[in-house]
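Protein chains in written order, with the numbering used here: chain P, 1 to 161; chain E, 1 to 471.
Don't read these hints as lab results, they were simulated from the structure.
Glycine is no exception: its CB is placed at the ideal position from the N, C-alpha and C atoms.
It cannot be assumed that every hint is accurate.
[Said to hold, decoys possible] Derived lysine to any residue pairs resembling SDA-like cross-links, with alpha carbons at most 20 Å apart:
| id | chain 1 | residue 1 | chain 2 | residue 2 |
| --- | --- | --- | --- | --- |
| 1 | P | K114 | E | Y396 |
| 2 | E | K329 | E | M319 |
| 3 | E | K220 | P | Y25 |
| 4 | P | K73 | P | Y21 |
| 5 | P | K139 | E | D411 |
| 6 | P | K114 | E | H421 |
| 7 | P | K51 | E | E212 |
| 8 | E | K45 | E | F437 |
| 9 | P | K114 | E | L419 |
| 10 | P | K108 | E | P94 |
| 11 | E | K188 | E | D159 |
| 12 | P | K114 | E | M114 |
| 13 | P | K114 | E | D411 |
| 14 | E | K162 | E | T252 |
| 15 | E | K449 | E | A467 |
| 16 | E | K220 | P | C2 |
| 17 | E | K348 | E | R280 |
| 18 | P | K108 | E | L419 |
| 19 | E | K377 | E | H400 |
| 20 | P | K108 | E | M410 |
| 21 | E | K50 | E | K247 |
| 22 | P | K114 | E | M410 |
[Unchecked claim] Covered stretches of chain P, as calculated for chain E (at least 3 residues, CB under 8 Å):
| id | region |
| --- | --- |
| 23 | 23–37 |
| 24 | 110–120 |
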Amino acid sequence: MCDIIWCKKDFEGEPCNTINYLDPYCFWNWEGTINCAECGAVYYIHMIQGKMYKGPEERPGEKPDTSPLYADKPLDGYRFYGAGVEGRTRPFECLPRDIYLGVPDMVKFSIRGKPVRGHRPQPPSAGIAGSFGFDWNIKKLSPDLYEEYQQKIKNGEVTDW
Amino acid sequence: MTKDPRVTRIEDLPGPKSKEELEEMKAPYEEYCKAQFDPGNEFSKPQSLKGIRWLSTTMYIFTPHSVSNLAELGADVIKVEMPRMGDPMRHCAPFNETYLYPLHDTRPMTGTGMGFLNANPNEYHISMDYHIDDIKEAFYALVRMSDGLTQCYRPGTFDRWKQSYRYLMEINPRFISVWGGGFGYGPKVFGGSYDILGQAHAGLASVTGFHEYVGGHPTKHSNWNIDWYSGTQITFGILAAIHWREKTGLGTKIEFSQVQAATRCLGYAAPLYGRFGIVRQRWGNWDTQLCAHGIILCGKSDYPDAENPQDRLEARYAMISAFQDEDWKELCKITGMKDLYDKYKSHKERVEAEAQIEIYAALEKWAADKSRSEVVKICQDAGLLAEPVMNDREVYESTHYRERGTVRWMDDPIFGDVLQHGSYSAGLMSKTPRRLFWIWRPVGADNVKIYHELLGYPTSKIEEWYAKAWI
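Excised from the complex, chain E in its bound form (with noise of 0.2 Å):
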């Protein structure tokens, strides 16, 4: 330490004391990843949007999701569902059942079904019947302290209520107005929209599944994959819209197709069309551009005594990947499958349609033996990549979910203890992480809170809409 205090030397300061000792002390970069996103602890964390504020008339997955993302990051998302029965999601899936009371409080006995899940946490859920005109003074209120609106009626139904981009703006010219649904404008502008028609009309259906040669069918993905898809698509066109506004200050009105959502995600299907002629055909759980790789059944269940049955007779697929050909010789050499390797040794032999089938019906007949498992061991052991099909409970139980935070638990406020698996959509962050404060909320539960403390209704006034059904 020096005599005079006023001087600072860094040989006094904490912390390394030349470039070599800093580069030293960095943490791995495992730990320094760990310590940077901290899964568990985004509390503490500032919010990305915080101050904007967003309006939702939406129902189902598609456009609740790109309302979702907003809330997850920041936002206060003001859900608008129809009173005293709230969004038809709600009703449904899985199973038609419902499972968490209540739905509303004039229900006590109805609640909502578990595919609701994700595509509304964190909103703030209030009830309008916007369409009547006596509601309507409320309705623009809240469009001119808010950023946004998010809307998924047919074409022009929000026109002729006078509550589209080209009303709204006039009272808001801030104001940024999505609609989100089946085909826009154009020739097929009244046809509604289902994840499974964005699935199909857009040709994704088209190259998914196996090919009818070996018993396949267009396959539409279990989940209602294009909704989530394509409401994730609106998100990134409303902070594109949020980033123009803070330039111009001006609104902007989005117009999401979801038909056209599958577009973006196939890949090569229409320029090869576009050059060659060739329209794309599916290839199912095998590769067009690469062989090995795919998956295969094997022969025994890797839980033969479980009671559930996805785990007794499904847990029995494998991926495998080895299409360099360092990789498929050693492939070869593991099966046995010498005979194939003299056939296909170059990339271009095996990946033709012919040497595919061969190749993968030799590699189910050698894995008819063994169990998920043990084909992956094997292939592992040999330095090729290769993993099982894992299904819900498993991808439960990974430790790499786990630390990562990618699933969890969490307590809710009315619901008690969900396990959730959303969240992840904008993937991990370090400064402003996306987190949960709620999965959803029941029909008008915020009633009171927006009309009254953010508008400044007086209760006698909410009483008295709620008496009408009007909230």
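Okay, chain P solo, but in the shape it has when bound (with noise of 0.2 Å):
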């Protein structure tokens, strides 16, 4: 459950109509001042054990503390600002990193720079799943992944932990 300020300033000669949400692992007990991520607009809250004790009030001029952490346009399709959108919603340190944003990131090393085998594509040599249980050969059967480890071995990147 959360609380919002829901902005309905003019903007652009329309009612901004953008619903700001304020989530409680940051607002629960807090006071100061948050933008409207679509317009701008800066909000004075005070909040207490999660409710809300003072506000939203409209405080022009003011520079806001911090931002929503996420806002979206109902009225409007439901146009989203996600988390950490620069200058409009809170920046999230936790950000996944580009390699975990939905494609699968083909990991050939493991960190200590050992082949990690089960990666795709499988070369054709490689056989069907459980053909090679007990032995994978990968200087037969995938030799383009034998020589990358050679290489990262000359270049001492291969370690024991």
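If you follow the hints, you should be able to join the two separate chains into one complex; please do so.
Structure (structure tokens):
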């Protein structure tokens, strides 16, 4: 459950109609100013134990202390500002790194530099699943990976731990 | 040496010559333990459950883990998965991404997610759509040759498919049949189960996390704690059933409701309510029984320049324990909380809720200009118990875990270099340690081994079933 600031200020000739979400983890006991993610209007709120004690009151001209976690425009086909949109919503320090954005990352080597063999696409020489259950000879079956591995050994990039 | 070689004299034998010398020659306890457990050398030792064969028609973490415990101790476990698809856990977590390829020989571009790790090691992976009548014969053949089965379907499903205990005991009276699932028989029989349900329904989540007074909520543990925990509880049941069968020759039916698992670790919650009518509440990183004995937030990160946000921003928590009067006095001395010491001299006073709120706020204020390791060092130098709250990377770097083999690298026969922190749920065992042969295998990778080599079906039959997607 989370409180909101529904911004209805005029923005580019129309009501702004943006819902700014105030997540309880940040705003549970909080006093200060927040910007609207769409029009940038600044509001003051004071929350105590998750209840809106004061506000939201407009504070034109003030610099916002923080931004909402995210915001959307439900009357506008759910136009949406996610977390971490610069200048609009609060920066989210734990944003996934680019490798976590939906495309499997083909890791060929573990963090200590040894080959991780179950990457794709497997070359046809690797055979069907389970064909080489107990001895996946990378020199024979994944020669390109083997070459890369030898290079890593030469460069001293392979460690024990 | 005596003249007569048939005479044995203790002086001529190697080793200690007297009890005193024996005592002297004993290795220090640390060395003794290292030699006894010898992490990394598990494969030279016997396996305690060798000879047990177990079937697993399980999914996700909870029921698979009950069986993987057996497999790591040496049982032959046959994991039966749906043809070409496998355990749904393969397609989940984390980030709904797959990492280890291939899933199955018809799906070379699909893989298995890391969430599958630790729940299915050392098992033989076969595929079978066992609710089809035509394949029942093979299923029953496996039952005849096995000691038990763990399954996780809704109550009554296996009975409808004629695979429940009362059917299987007719073909194998020694058979141990395990059902693990949500609620079990009773008013909520049709409820399924997930770890979060187990945490919520038994009351565990209601006592986890901070009180609402300080902005907390009932909290679920981030990992699927109750899945791992209740899986291990089932393993206890299985081992007891095997022992009972040795004495009586008869199997058992085990019914394990996951929503009840957490009642075992809720400690005094029920007795407290029964005696006083008090409902136990959350107290977060502090302790209802001891103070100071909690986790505090320090001002500075240990790794301010790290790229990873878990290091850069979150390496700021320290666990501190100083609840005994002398320790408390020392803690107040090193933190300069003299007024708090005067105010809360006895443990009874400082364990009160209001006192704790004041004490931990003061401790965090003291730690506000210090890093986590500074706080820990100051406390440890003063003889207090304090440790940093470590993240996974630090656990990996920790020499304690490394020396004991709790975290280790393994060269998986199919998937290559894998970092493992499993294989520890029975602790270290000197004679019959747990071990990892492989982390898992692709769907149906052992079809030929089991259907052909174990059950004796001709390969033509296997090919036919495979083409029909029965296996």
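Hint check results:
1. Straight-line distance between C-alpha atoms of K114(P) and Y396(E) comes to about 17 Å, which keeps the hinted pair within the 20 Å bound.
2. Only pairs whose Cα atoms come within 20 Å are accepted, and K329(E) paired with M319(E) is accepted, the gap being roughly 18 Å.
3. For a cut-off of 20 Å, the pair hint linking K220(E) to Y25(P) stands: about 15 Å separates their Cα positions.
4. For the suggested pair K73(P) and Y21(P), the alpha carbons sit about 11 Å apart, so the restraint of at most 20 Å is met.
5. This hinted pair checks out: K139(P) and D411(E) have alpha carbons roughly 15 Å apart, not beyond 20 Å.
6. Among the hinted pairs, K114(P) with H421(E) is consistent with the structure: their alpha-carbon atoms are about 18 Å apart, no more than 20 Å.
7. In summary, the hint linking K51(P) to E212(E) is supported, as the alpha carbons are separated by about 12 Å, within the 20 Å threshold.
8. A hinted pair counts as satisfied when its Cα atoms are at most 20 Å apart, and K45(E) with F437(E) qualifies at roughly 14 Å.
9. Between K114(P) and L419(E) the alpha-carbon distance is near 11 Å, which keeps this suggested pair within the 20 Å criterion.
10. Note on K108(P) and P94(E): the hinted pairing holds, with a Cα-Cα distance of about 18 Å set against a maximum of 20 Å.
11. Between K188(E) and D159(E), the direct Cα distance comes to roughly 18 Å. Compliance with the 20 Å bound is thereby established for this hinted pair.
12. Between K114(P) and M114(E), the direct Cα distance comes to roughly 18 Å. Compliance with the 20 Å bound is thereby established for this hinted pair.
13. With a CA separation close to 9 Å, the supplied pair K114(P) and D411(E) stays within the 20 Å bound.
14. For the given pair, K162(E) sits about 17 Å from T252(E) by alpha-carbon distance, which is consistent with the 20 Å threshold.
15. Our distance criterion of 20 Å between C-alpha atoms is met by K449(E) and A467(E), whose separation comes to about 18 Å.
16. Distance hint between K220(E) and C2(P) is fulfilled; the C-alpha atoms sit about 19 Å from each other, no more than 20 Å.
17. Proposed proximity of K348(E) and R280(E) is supported: the alpha carbons are some 19 Å apart, at most 20 Å.
18. Our distance criterion of 20 Å between C-alpha atoms is met by K108(P) and L419(E), whose separation comes to about 14 Å.
19. Between K377(E) and H400(E) the CA atoms are separated by roughly 18 Å; this keeps the pair inside 20 Å, and the hint holds.
20. For the given pair, K108(P) sits about 16 Å from M410(E) by alpha-carbon distance, which is consistent with the 20 Å threshold.
21. The suggested pairing of K50(E) with K247(E) holds, with an alpha-carbon distance near 19 Å, which does not exceed 20 Å.
22. Of the supplied pair hints, the one linking K114(P) and M410(E) holds, its CA atoms being roughly 11 Å apart against a limit of 20 Å.
23. With 4 residues having a Cβ less than 8 Å from any Cβ of chain E, the region 23–37 of chain P passes the three-residue criterion, so the hint holds.
24. Counting residues of the region 110–120 of chain P whose CB lies closer than 8 Å to any CB of chain E gives 10, which reaches the minimum of 3, so the coverage claim holds.
Hint check: no violations occur; every hint is consistent with the structure.
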